[in-house]
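Engineer: As they're listed, the protein sequences go chains A and B. Residues 1 to 418 in our numbering are what the first sequence lists, from first letter to last. Residues 419 to 559 in our numbering are what the second sequence lists, from first letter to last.
Hints may be right or wrong, so weigh each one.
Stated by the list, open to error - Below, simulated SDA-like cross-link-like pairs (lysine to any residue); rule was C-alpha separation at most 20 Å, straight line:
id	chain 1	residue 1	chain 2	residue 2
1	B	Lys451	A	Ala247
2	B	Lys494	B	Thr455
3	B	Lys494	A	Thr374
4	A	Lys175	B	Pro516
5	B	Lys500	A	Ala247
6	A	Lys408	B	Lys494
7	A	Lys379	B	Ser478
8	A	Lys385	B	Leu543
9	A	Lys387	B	Thr455
10	B	Lys494	A	Lys379
11	A	Lys387	B	Pro516
12	A	Lys65	B	Thr532
13	A	Lys385	B	Pro516
14	A	Lys385	B	Gly477
15	A	Lys113	A	Gln168
Keep in mind that the hints were calculated from the coordinates and are not lab data. Treat the numbers as computed from the prediction; the structure is a model and nothing was measured.
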Amino acid sequence: MKKIIYFLFLFLFCIGIFANAQDNAGLTLPAGFKANLFAENIGGARHIAITKNGVIFAKLNRANKQGQSIVRLEDTNKDGVADKITGLANYGGTGIYLNGNNLYASSNEAIFKYELNNNDEVLNPLSPVTVVTGLINRRQHESKSITFDKANHIYVNIGAYSNACQEQDRTPGSKGKMPCPILDSAGGIWKFDGNKENQTYGDGMRYATGLRNVVGLDWNTQTNKLYVSQHGRDQLNTFFPSLYTDAQNAELPAETFYEINEGDNAGWPYIYYDPSQHKKIVSPEYGGDGQKEGASNFINPAVAFPAHMAPMAVLFYTGDQFPAKYKNGAFITFHGSWNRAPLPQEGFFVAFVPFKNGKATGEWEIFANGFAGTIDGAKVTSTNKAKARPCGLAQGPDGSIYVSDDTKGTIFKISYNK
Amino acid sequence: MAQYKGKGIFLICILLFGLTQSIQAQNVINGKKIYETRCLVCHQADGGGVPNMNAPLDGSTNVVGNDIGRLVKIVKNGFKDKVELDGYYYSNDMTPNPDLSNAAIADVLSFIRTSWSNKASLVTLAQVNNANKGNQKKNSK
């Protein structure tokens, strides 16, 4: 009898392992790809960065139970699962970036620099260098995402502390301020020197403006250009019910992905991008009626995504593991919407944006889906019911990609089997 | 006769109880309609809010607490302060509802205090009237 029970357990155990390997951590992926859970329950993981040895650093929105807000994850036995997890720092914030042996992390007001040794361990966990400080944090759109160009310049988003620069924020019928005073110190991308200390507004430059809240930004090293993903404005129907229905609000405005050149203006708060008309439309706070076109000097998006899905991180894929079509294209994580209500929420996936000759084709496709954990493709009606919400992205040394989630703190590893 | 009198009072009590129950149910039904048109988009269908952005109402200690005056003020004036709510911060400003009548505020508060897992008391018109008087006094000081 004991033997039978023993074999039964062994059998179930094997099924368990088999099922886990086959179910791709609950994700739906293109043929040939597989996914597994690299780590679970590390705390609300936002952006992630990875060393050339494959050690991951995840920035937590707020400190976890251990009181740490940067988590270091190492897979010492190379089985695809983190087995050595430690941490440092205690400040909230979402940005993290690895530049050689320098690890940069952001709070909601500042950017700090740490140094790594040859084992990818942080040498100065308690005494980082303050690189940038005094950036605006007024609750809304407070997170500071960072990336670098090849000349060691930092690009940081400073989100607008407003939805649409109304005289009274998020108030029905309230007009837009003209000009919008927020844009002098927020609502754009600022550029700083990665080598200098204690910089603030006067030391950097406003690299691009008219960007309400950029959460994902990455430097395309092939074309030497900055790309950013913006979260479009909310609640057209709530504040202007005579102009927009619930159904129209669910599809307006587009979430936008831009190629950015120095001095560009993407038009927030004066315009939004309508993905079905393919036009920049004047915001209702500034006299728009849903049809009137805005000024032509505002840049057009490289890709327009469906509304409200919240693009979180951009990663240009430079690895050799994935099939050729992915090389030099961009992966973008989508956190999932809330402002599509009362219609069902959308997003909660990783998208792929193909590039041809250094430019986005304008097309996009869902690459990895199923993060929300709904059964049989059921819709998410309340955002907080999503089991996982994709946030950060990083490419490992072997060409696998990693996706973080800020609900419980899962890190998914996605690889391709030749 | 005395025995009928007793039964009569009992019946009236039952009737009154039923009547107040149905008035209360009507408050919650009215409140649900207001919730769906004004509150649901941010606080979501399940009252759970949106993590880091829009505060949850379901299970919120403030929502089910006894400070009705504060709840009335928030519904009417919106909310922009950076405060910790049950251990978390929420970044979006809440839209004010200056056009909602006291009766409508009582209804919507009754709905959110008794919906999902919330099992707090209903809010009466008198409580909202009182809260507004209190708020006006505070504001005029």
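Engineer: Next step is simple, just say for each hint if it's right about the structure.
Structural biologist: Structure-based check of all given hints:
no.	hint	result
1	B:Lys451 - A:Ala247	holds, 18 Å
2	B:Lys494 - B:Thr455	holds, 15 Å
3	B:Lys494 - A:Thr374	violated, 36 Å
4	A:Lys175 - B:Pro516	holds, 17 Å
5	B:Lys500 - A:Ala247	violated, 32 Å
6	A:Lys408 - B:Lys494	violated, 34 Å
7	A:Lys379 - B:Ser478	violated, 25 Å
8	A:Lys385 - B:Leu543	violated, 34 Å
9	A:Lys387 - B:Thr455	violated, 27 Å
10	B:Lys494 - A:Lys379	violated, 33 Å
11	A:Lys387 - B:Pro516	violated, 36 Å
12	A:Lys65 - B:Thr532	violated, 32 Å
13	A:Lys385 - B:Pro516	violated, 31 Å
14	A:Lys385 - B:Gly477	holds, 15 Å
15	A:Lys113 - A:Gln168	violated, 38 Å
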